[in-house]
Amino acid sequence: MSEKYIARSSQIAARMLGGEMMVMSAVDSTFFTLNEVATAIWQAADGRTPLTEIVARNVCDEFDVDLETARRDAQQFVDELSQHGILMVSDHPLDVSSGPAEAA
Amino acid sequence: MSLMQEMNERALELGIPLGVHLDVTYRCNERCVHCYLDHDDHGEMTTAEIKDVLEQLAEAGTFFLTLSGGEVLMRRDFFEILEYARELKFNVRIKTNGVMIRKSEARRMRDLGVEQVQISIYSRRPEIHDAITKLPGSLKRSIEAIGLLKSQGLKVTIANVLMTVNMGEHAGVQALAQELGVIYTLDPTITPKIDGDTSILNLRIPGSELNAVFHNKNLVGNVEEFCAPPPSPDEDVMEGYPCSAGHTAGYITPYGDVFPCVQFPLPSGNVRRQKFIDIWRNSPELNEVRSIRAKDLPVCSTCSHVGTCSRCPGLAYMEGNMRGPSSADCEKSFQRTGIPSANMLRKAHASVHGPLIQIQPLAV
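Each protein sequence line maps, in turn, to chains A and B. This note's numbering applies: residue 1 is where the first sequence begins, and numbers increase by one. This note's numbering applies: residue 1 is where the second sequence begins, and numbers increase by one.
Note that these hints are calculated values from the structure, not bench results. Watch out, some of these pointers could steer you wrong.
Stated by the list, open to error - Heads up, incomplete: computed chain A residues facing chain B, CB under 8 Å, no partners named:
no.	residue
1	Ser10
2	Ala13
3	Met24
Glycine included, C-beta positions come from ideal geometry on N, C-alpha and C.
Full structure from sequences and hints, please.
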């Protein structure tokens, strides 16, 4: 299976609220809240770091989750957000400048 | 409870200003007869000051940012402000008359990820719309702007303020919104000018027209449900807050003044002198607003409408008491349900019985 790279879309709004990330798409006004693990993946989605590395470094190491479970959950998360255009997914590194992941 | 409501609840618990309305200028190219602002520049915040405020708002946790005016595009640096706001990942909504929006502005707003643009239309007939804005050709240009924004894929809302001078026009504006494929909202609220001048309140539509609006299924949907008598208020209602102003929502003027809401001009601090977060957390005025529960409203807490009324604390404040009734909202509750408010009954009682003591100045 080829490596995947993920990047935050520039067409979103995002902010931390009480430990959860709020994300809203400007395209279809879909509103999401991300839990701590999803937020960690979101914040690491810089278009350059492979998803497997993000999962290993930002999920398994930080949240004490086994690699297989974390990979499966991350894939599901990425699929859902990419369907709404909130995350961009590619087989190659993405050249994006999506700004800060959030403030606050 | 929807996800959005949950976030609002959480912001309320944490004291986060989730939504802030920032007027970047009061200057405008229109002179709408009902406008509550004066259009001179009394020393607007500079680009750098506004960027600093945006950083502070992001830091404070603000997510929804409404950029409005005046006419936002009267500021030459508007797109610089907008770009910075989007870099800070605000969900940005813009209120504009659209007159200065051409293809390039519409494209820029789309590229910058603006979530929604609201444009005011008063009538689909230029002789009425343009007479309200006092800008010849404004209807044509506003409608063109809606088309341009829509063609870029932006979400557009037509805001239709209803007043005596465009009373019969809402069906036409609603049909126009449908033809253009945009959202339609109607608002029969005319507010006093921000300096307290009430001269424009004579533009408020009469009760009979308000009644017709509230019983129009094309406007309110299920009339029976919308106009149903209010249920008896329970403890939750009496312990509840009147609205989000000062709780999860705030307003900043082009001069840096902080109010609880654009419709609630209670001076609470100025970002040119203090950090926004210090004003938000420590302003005695905002803390007073936050302290008020429905049970603390001397007249409204005795009213059967207390749980369902659209009572605006800002309008009540402009009537003289932020804990008092907002007469315009009493009228709305009455026209909606046919049940007079406690405030209306109190006034009727006073006018029947007259004042207890009459003091007449001595003739000299």
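Practice prompt. Against the earlier hints, flag every one the structure doesn't satisfy and list their numbers going up.
Written response: none
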